[in-house]
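Just so you know, the sequences run in chain order A and B.
The numbering of the first sequence is this note's numbering, which starts it at 1 and goes up by one.
The numbering of the second sequence is this note's numbering, which starts it at 1 and goes up by one.
No lab work stands behind these hints, which were simulated from the structure alone.
Because the structure is a prediction, the values reported are computed rather than measured.
Heads up, some of the hints might be wrong.
Said to hold, decoys possible - Using C-beta positions, here's what the derived DEER-type ranges look like:
1. B:His239 with A:Gly267: 42 to 52 Å
2. A:Asp274 with B:Thr113: 18 to 28 Å
3. B:His290 with A:Met199: 45 to 55 Å
4. A:Asn121 with B:Gly305: 48 to 58 Å
5. B:Ala300 with A:Ser145: 23 to 33 Å
6. A:Arg303 with B:Thr113: 44 to 54 Å
Built from N, CA and C at the ideal position, the CB exists for glycine as well.
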Amino acid sequence: MIRLNQLVATYTTVRGTVKAVDGVDLEIPSGNIVGIAGESGCGKTTLLKVIYGDLVYPLALDSGGVDYVFADDDRQEVTTETIQQYWFKRISYIPQSSMSSLNPVVKIRKQFVDFLEPKANKEETLDRVRQFIRQLDLPAEALDSYPHQLSGGMRQRMMVALATFFQPDIILADEPTTALDVVVQKGILLLLVRLQRQMQNTVLFVSHDMGVHYQISHRMLIMYAAKAVEFGESAEVFSAPLHPYTRMLIDSLPNIGDDHMRQGVSGRPPSLWDDLRGCRFAARCPLATQRCRDEEPAFIEHRPNHFAACHYAGDELPKVEPSA
Amino acid sequence: MKTILKTNDLHKVYRLGGLLNRVRINALDRVNLHVQSDEPVIISLVGESGSGKTTLAKVMLRLIEPSAGQAIVYDQVVAGKGARTDKKSFLSIVQPIFQNPFEAFSSYRTVDTYLIRTANKITGLPTAECEDLVEEALVSVGMHYADVLGKYPNQFSGGELQRISVARALIPKPGIIIADEPVSMIDASLRMNVINLFLKLKEETRTSFLYITHDLATAYYISDYLAVMYRGTIVEFGHARTILSDPQHPYTQLLLDSVATMNQKWTETEIAMQDMEATEFTAVGCRFRHRCPLAEEICAEVRPGATLLPDEREVYCHVVERELEKV
Ligand SMILES: Nc1ncnc2c1ncn2[C@@H]1O[C@H](COP(=O)(O)OP(=O)(O)OP(=O)(O)O)[C@@H](O)[C@H]1O
Ligand SMILES: Nc1ncnc2c1ncn2[C@@H]1O[C@H](COP(=O)(O)OP(=O)(O)OP(=O)(O)O)[C@@H](O)[C@H]1O
Ligand SMILES: [Mg+2]
Ligand SMILES: [Mg+2]
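In isolation and in its complexed conformation, chain A is listed as follows:
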C-alpha cells in the first residue's frame, strides 16, 4: 500500500508559486496497476515526481507526505526525502519522453550501472541483467548500444526491463508508450502486464489513452486541475463513472467504424495560478449548480472502494450525451 497524505506540491517561478498537486489524499493498495489520466497540465507528472522523491527546484513538496509500503534497513520510516536511496531497487521511474531523456553519448549499460551501489559487483549484476533482458526477448547487445542506435520501441522496452530488473515494490511509468505505434505499444504493455503479474508490484501508469487504461489498469485515478477527482476499480470507473469529467473523458473518444460526431469537453481548465473556489470542473460541467461554484466537493467514498469529488456523485448521473 502507498498512502498519499494531503500532498501539496508547488513550482516556484518568477511569477510566484503554482500548486501543481493540491491536496491529493488517497490510499493505493499494493499489487495493482493504477492508471492515471487527466487533462494535460493537471499534475500527473508532478504527482509521480513527488512519489519518486525527485523534488528538485523549482518543484517542492509544500505539505503532506507519502507513506511507502516498506521501512528502510534501520526500520525507519521512508519519506520522500529518503526514498532516493531506493531508486531502482524498490522504486523505479520511467519518465515522460524517456525516449529522448537517455543520455545520447553514453551506452545504455553505463547509464544503468551508474545507479548500482558502488560496492555491488557490477560485472555480476550486468550478467544478470543480460539474462533478464534475454528472457524478455530483447537482444542482450542492446545493453551495449547507444540510445540512438535503438528504435523508439526497443528503447522503451529497455526502459521497462531496467525499471523492473530489481523487482521494485513500486514502478512509476509516465506515458511509456506515447509516440509509439500501436503494434509496438501493445508489445510493451503486455510485457509490463506480464512482469507486474509475476512480481505483484504496484505500477502507477500515466496515459492519455483511455483505451490503454481499459486494457491494462486495475484501478483508475482521474485528476483534474491538480486534484484527484475519481479513484476506483477500473471496471467500475469505466462502466459507471461517478464524476462527470470522467464520463466525458470516456465518451469523448471516437471508435473505428463509428461515425458519430464526438465533442471534447468544451472550455478550459482553470488556471492553477488563480485562487480557486468551488468545484474546479464546475465551469465546464453540464450538470453544475450554484453549490458547485461555491463549495468545494470533498473526495469521498461513494461506493465501496470508489471515491469521487462531486456533490452529486451519490446520485445517479444522467448520461451526458455527446451532442451531434
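Model the placement of chain B with the ligands on the given structure of chain A, informed by the hints.
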C-alpha cells in the same frame, strides 16, 4: 483538379555510423502518393514507429532535402527536382505542427513574443494587430493571449504547449497544415477539440491537413485519405474508411488488431511482436515479410509494387495482387 499532394518516387537516405560500420537507412523508399481534389482534404499518415512519416513531413516542409524524387503541394513543386517556390509563398502553402512541442519553441524567448513575431514576419502588420491575430488563433485552441503572456515554454506542460503550436500554424492561414502527431500529448477530452477544429478549419477556411498519427480512431474520424507506412515504404493507400473498415495489407491488419479499444480486452496469450532492426531498412523484397503470416518465396526476392483495387486503393502486396488476378 488541384493536386493537393503528390510525391514522385520520393527517396531519403540517412547515413549512420563511422566509416567502417556505416549503415544506410532508406527512411523514404520510393514513396508515391497522389491526392487530387478541388475540395480541401484531410490525409492521414499512419504506420510503424520509425517508418519515415516525420521524414516525409520534413521533406514537404523543406526542412530536409530528398535524396531523389520530388514532392508537389497545391500544384507547386516544393521539394526535390524542379522545386522553385519562393520562401514567402511557400509559408502560405505549407505550415507545420510538430511532434515535440518543446523543439518548436525557443526556450529563451517568451511564448507571446514568439507568436507575435511569427505573425509579424508573415503578415507584416504592426504588433497591436498581430496581437489580435494571435488571440484569434489561441482562442480556437482553447487558450487566451493573457495565458501565454510573459511565459517561457518550460512553464507549460507538453499538452498546453502543443495547443499553442496549433495556434501558431494557424496564423498564416495556410493551404495545408502538416500536423505531425499534434494530439499525441493531449488528453482525451481536449484531443477531440483539436480534431474537430481541424474539421472545422477544413470547412471554414478550406485548409487541408496531412495528419500524422498513431491514433487510428481519430484518423478514421477525420480523414478522407489514408496512407499506411512500414519501414520507409507505403503499404496501403486510399480512402480512409475503405482501408480502416477492411484492411487488405497484412501490416495494416496487424495494426488494426493492435489498437487498444474500450470494447474488447486483449487476451492473455497474445505474444509481443519482435521489434524492428535497422538492417531491414536495406533489405530487398517486401519489408514486412519477416513478420508476415502470408509470406512466400517471391516476397523475399521482389519488392511488391502498387496493386490498384476496384475500391481505388493501392496495396503493395504480392498476395493481394495474385488474389486480384484470380477474379
Ligand atoms: N518547471 C515548471 N515550472 C513551472 N510550472 C510548471 C513546471 N512544470 C510544470 N509546471 C506546471 O505545473 C502543472 C502540472 O504540470 P505536469 O507536468 O505535472 O502536468 P501533466 O498532468 O503531467 O501534463 P501532461 O499531460 O501535459 O504531461 C502545469 O500547469 C504546468 O504548467
Ligand atoms: N537525422 C537522422 N539521422 C539518421 N537517421 C535518422 C534521422 N532522422 C530519422 N532517422 C531514421 O529514419 C527512420 C525514419 O524516421 P522518422 O522519424 O521519419 O520515422 P517516423 O515514422 O516519424 O517515426 P515515429 O512514429 O516514431 O515518429 C528511422 O529509422 C530513424 O531512426
Ligand atoms: Mg506529464
Ligand atoms: Mg515521427
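Hints, verified against the model:
1. Roughly 35 Å separates the CB atoms of B:His239 and A:Gly267, a value that falls outside the hinted 42 to 52 Å.
2. Under the hint 18 to 28 Å, the C-beta atoms of A:Asp274 and B:Thr113, about 24 Å apart, fit the expected range.
3. Restraint check, B:His290 to A:Met199: a C-beta distance of roughly 32 Å breaks the suggested window 45 to 55 Å.
4. Between A:Asn121 and B:Gly305 the beta carbon distance is about 56 Å. The supplied range of 48 to 58 Å therefore holds.
5. Checked against the hint of 23 to 33 Å, the pair B:Ala300 and A:Ser145 passes, with Cβ atoms roughly 27 Å apart.
6. Distance hint check: the CB atoms of A:Arg303 and B:Thr113 are about 50 Å apart, consistent with the given range 44 to 54 Å.
Hint compliance for this structure: hints 1 and 3 are broken, all remaining hints hold.
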